[in-house]
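> Sequence:
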Amino acid sequence: MSAVPPQLLRLADRVGGAVTLAPEAMAREVKSALHDATAESGWLPPERRRASHENYARHLIFADPDDRFAILALVWDRGQMSPIHGHHCWCAVGVYRGLLTEHYYREGAGG
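Each step along the sequence shown adds one to the number in this note's numbering, with nothing skipped, and position 72 is 115.
By construction, these hints were calculated from the structure, which means they are not laboratory data. If you're wondering where the values come from, they're calculated on a predicted model, not measured in any experiment. Where a beta carbon is used, it is the ideal one built from N, C-alpha and C, also for glycine. Treat the hints loosely; a few may be bogus.
Between beta-carbon pairs, the in silico distance windows are [unchecked claim]:
no., residue 1, residue 2, range
1, Glu90, Ser125, 19 to 25 Å
2, Thr81, Asp107, 33 to 39 Å
3, Met124, Gly151, 38 to 44 Å
4, Gly129, Asp107, 18 to 24 Å
5, Leu115, Ser75, 25 to 31 Å
6, Arg71, Asp110, 21 to 27 Å
7, Glu150, Pro108, 35 to 41 Å
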């Protein structure tokens, strides 16, 4: 097993500190931590950047020992997408390489 990249350790440490903050401060710190982590490329191991041809791939790259958060590398191959879905917890996204497009939907009166 390869060593944990220092960039990932810094990201995990910052997110771990952020989860103790008030919601607005937490959001700012997580956003800043993701920005800093994704500004530098080359640190995420190739096996954690591997796509799946069937659907997008999810690679767990850090699990908080206190079960407060997890950091995943989500990898889409060209043309892949996620189905429409909602998150029932907090979630933050940083783009390590490439371009991510999101569409936001509102639930209508009929669901």
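> Now look at each hint and say whether the structure bears it out.
Verification of the supplied hints:
1. The hinted window of 19 to 25 Å between Glu90 and Ser125 holds, with their beta carbons roughly 21 Å apart.
2. For the hinted restraint 33 to 39 Å between Thr81 and Asp107, the CB-CB distance of approximately 19 Å leaves it violated.
3. At roughly 21 Å, the beta carbons of Met124 and Gly151 sit outside the given window of 38 to 44 Å.
4. The hinted range of 18 to 24 Å is satisfied by Gly129 and Asp107, whose Cβ atoms lie roughly 23 Å apart.
5. Our hint of 25 to 31 Å for Leu115 and Ser75 is violated, since their Cβ atoms are close to 19 Å apart.
6. Distance hint check for Arg71 and Asp110: the Cβ-Cβ separation is about 23 Å, which falls inside the suggested range of 21 to 27 Å.
7. Under the hint 35 to 41 Å, the C-beta atoms of Glu150 and Pro108, about 36 Å apart, fit the expected range.
The structure fails hints 2, 3 and 5 (numbered hints given earlier, in ascending order).
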